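Q: Single-letter residue listing:
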Amino acid sequence: MLRVSSSLLAGLAFASALTAQGNPTVPELSVNNTFRVISSTKHPITNNPYPAASTLPPGYTAAPGVAAGTRAWSYTPKLRAQAGANPPNYLTVVGMTQAVFTGSAVQSFPAPNHYQFRTGIGVTQPGQNSYHRTHATTGQDLLNVADQPLVISTWAIVEHSFNLTTPVPLPDLELLLFVEYRGGEWRDDPNGGQTVASDWRGGRGPGGWPYHGWAVGSNPRTITLGGDWNYRPKIGLLVNELVLTATGDHANAYEVPRLANETYRGNTACISDWSRASNGNLFFDVRAGNNWGSTGIAVVFINMGRSWFAGSLPTPFGNLLLDPTFPALDVLASITMPLSAGGTFSGANAQIPVPPLGFAARGEILKCQGLVFNAGFTSVTLTTASSILVE
Amino acid sequence: MHPRALLWILLAAAAGLGGAYLALRESGAEVPAGATPPTGGQPPAERAPAPAFRWEPQVEPVPPLPIPTDRKSEKPLHVKSPWPPGTRIPVSRLPKVEPGKGIGFFDGTWLPYLNGLNAAPPATRDPDLGRVPPVIAKVVDADGLEWWVHADGSATTTRYKQVTALGQTYWDPATEHSAVQPNTNLRSTPETPPDRKDR
Numbered sequence: 001m002l003r004v005s006s007s008l009l010a011g012l013a014f015a016s017a018l019t020a021q022g023n024p025t026v027p028e029l030s031v032n033n034t035f036r037v038i039s040s041t042k043h044p045i046t047n048n049p050y051p052a053a054s055t056l057p058p059g060y061t062a063a064p065g066v067a068a069g070t071r072a073w074s075y076t077p078k079l080r081a082q083a084g085a086n087p088p089n090y091l092t093v094v095g096m097t098q099a100v101f102t103g104s105a106v107q108s109f110p111a112p113n114h115y116q117f118r119t120g121i122g123v124t125q126p127g128q129n130s131y132h133r134t135h136a137t138t139g140q141d142l143l144n145v146a147d148q149p150l151v152i153s154t155w156a157i158v159e160h161s162f163n164l165t166t167p168v169p170l171p172d173l174e175l176l177l178f179v180e181y182r183g184g185e186w187r188d189d190p191n192g193g194q195t196v197a198s199d200w201r202g203g204r205g206p207g208g209w210p211y212h213g214w215a216v217g218s219n220p221r222t223i224t225l226g227g228d229w230n231y232r233p234k235i236g237l238l239v240n241e242l243v244l245t246a247t248g249d250h251a252n253a254y255e256v257p258r259l260a261n262e263t264y265r266g267n268t269a270c271i272s273d274w275s276r277a278s279n280g281n282l283f284f285d286v287r288a289g290n291n292w293g294s295t296g297i298a299v300v301f302i303n304m305g306r307s308w309f310a311g312s313l314p315t316p317f318g319n320l321l322l323d324p325t326f327p328a329l330d331v332l333a334s335i336t337m338p339l340s341a342g343g344t345f346s347g348a349n350a351q352i353p354v355p356p357l358g359f360a361a362r363g364e365i366l367k368c369q370g371l372v373f374n375a376g377f378t379s380v381t382l383t384t385a386s387s388i389l390v391e
Numbered sequence: 001m002h003p004r005a006l007l008w009i010l011l012a013a014a015a016g017l018g019g020a021y022l023a024l025r026e027s028g029a030e031v032p033a034g035a036t037p038p039t040g041g042q043p044p045a046e047r048a049p050a051p052a053f054r055w056e057p058q059v060e061p062v063p064p065l066p067i068p069t070d071r072k073s074e075k076p077l078h079v080k081s082p083w084p085p086g087t088r089i090p091v092s093r094l095p096k097v098e099p100g101k102g103i104g105f106f107d108g109t110w111l112p113y114l115n116g117l118n119a120a121p122p123a124t125r126d127p128d129l130g131r132v133p134p135v136i137a138k139v140v141d142a143d144g145l146e147w148w149v150h151a152d153g154s155a156t157t158t159r160y161k162q163v164t165a166l167g168q169t170y171w172d173p174a175t176e177h178s179a180v181q182p183n184t185n186l187r188s189t190p191e192t193p194p195d196r197k198d199r
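Chains as they are written, first to last, in the numbering used here: chain A, 1 to 391; chain B, 1 to 199.
Worth flagging that the hints you see were computed from the coordinates, not collected in a lab.
Here the structure is a predicted model, which is why all the values come from computation and not from measurement.
One or more hints might be untrue.
As the list claims (entries may be wrong) - Coverage of chain B stretches by chain A, computed from C-beta distances (three or more under 8 Å per stretch; other residues unrestricted):
| hint | stretch |
| --- | --- |
| 1 | 123-131 |
| 2 | 146-160 |
| 3 | 170-179 |
For each residue, glycine too, the CB sits at the ideal point set by N, CA and C.
The task is simple: from the sequences and hints, build the whole structure.
A: Structure (C-alpha cells):
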C-alpha cells in the first residue's frame, strides 16, 4: 500500500463553506502534457516549438508546402485514459482545444488565411506493442469538426478552444485526437506561417514509443510515427466529466528542473520510473468545474495492480475502476486537495511523496480516481480515472 | 473505526449523495449559468441515478448514444457582418451584459453574443492566464464573421460550427476563444532533450 489513510474524517472536516459561483468553467482533458509547459527547442526558421525535423510530413519543407488533408495526431494509450468502459457513456465531449503557432514570418495582422484546424477523434489501428496504436489508414472519424477562420492578432501561440452547445456522448473509444491542415502552408510563408504548436517534453507513453505522428490526406492514409517520443501536438478535449490527472516529475520525459509556468493538465505524462527513483512524487491535478467553486475538496483513491479491475461500478457519476476489495486500495483522505476557482487543483505545487517502490513494482499499474465534494459532504461526485504504468 | 469500514461508508455515501445530486440537476434545480435546455430528444441514459450500490461485470462497448437535440441545425444560422473581411472597429465601451445572457467566462466576464446568435455555451480560457483582458476592437474574419479582440490579442466569437459526430453531420452553436499564450512559453536558447539514462 502506498500510503495508509490516517483520517478520512479529518479530510472531510477540511471542507469549508460552499461558494459555488455562477461563472462557467468546463473541465478540460488534454492529451498532451500541458499547454503551459515551456517548449525549449524551436524550429530554426519559424521559432515554433515544433516536432523534430525528422517528423515533418512529406512536402512540408518545400513549396507549395503541406499537402491538403495532412494530419498531425496524438494518441493516448487506454492504459492511462481518463474514464473507462462503464457503459453507456464514456466521455461527454462539449468542445475541443488546439494550439496554433504563428511565427515572425507573418507581416500583417489579422492574416486572412489563419484558421482553426479541422479536428476531432480519429479511429486507430494496432501499433508496435500492447499499448501502442496509431491513426488508422481508413475509417470514419468518431468526431470531426470542420475548420473555420481565426482572428490572430500577434506572433504567438494561441490556445484556441471551442465549446459546443450539443454535447456528444461517446462510448468506449481510443483517444486519438488529430488536427488537419488545409494544405498549402509553408513554414516560410510570409502570408501565414501557421502550424500546430507542439509540446516538447509533452510526455511519453509506455515502452518509450512515440504516441504521435502524421497521416497523409489521401485514402488510404499513410501513417508515420513521430521521430521523437517527447513531442506532442497540443490537442485536447473539453468534457462534462470531472477530470483527475495523476502524474509527476518522473512521469514526464525529464526530471529536473521543473520549468517555470509548468502545469500538469494532460494524461499522457504518465510513465513512471519510481521503481528506480529515490524521490518519487505524485501529483494530482483536478479540473472539476465551477460547481465545486473555490472551496471544494478532492480526495484520491489508489489501487496498484497488473491490470485494470475487471468490473466497474454502475454509478451515476462516472466510471469508477478501482477495486474496493483490492488489498492495496488506499484513500488519501489525509491529503486533501482544496480546489480553487473553477474547481481546479494544481498538483505540482503540492506533491505527494511516494516511497521508492523497487523493481518488484515494474509492470504494476498505479490506478487513481478522485472524489470531489463541497461543504457538508454535498455534491459528491467521482472524477474520471487516471493511471500510471511503473517501468 | 477500522479504515476499511470507513471506506465503505464513504463509497456508499458517495453513491447516495451523488445520485441525489444528479437527480436534482436533472430536475433543473442546478442549471449552470448560460446553459441552454434541450428542446427535445431522449436524455442521456447515463443521467439516471443508480438504483443501488452494487457490482456489475464490465461489458463490451455499446453502440453510440443518440446525440441530444439542443440547438443544432442542418445549416449555419449565424449572420455575417455588414463589414468586409479584415475590418477592424475600435471598441471603447461594450454594452452591459447581464450574467447568463452573453458569453460567459470563468472570471465573471460576460460579453455580448456575436453574428446573430442569442445563446451559446460558456467560453474556455485557462485560469492561469489571469482575468479576461478587456475588449478593444471588433474584427471581421475571412468568412465575414465578427470577433471581439481583447487587449492582449486574444479573440472571442460565437458562430455555428459544422460537426460530424457518431455518423451525424450538423451545425451547432459554439463559443470560441483564442487565448494568447505568454512569451514565457518560448525559450530563446535551444536545448538538447535529456534522455533517460537507460535508453
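Q: Of the hints stated earlier, which fail here?
A: When the structure is compared with the hints, none of them turns out to be violated.
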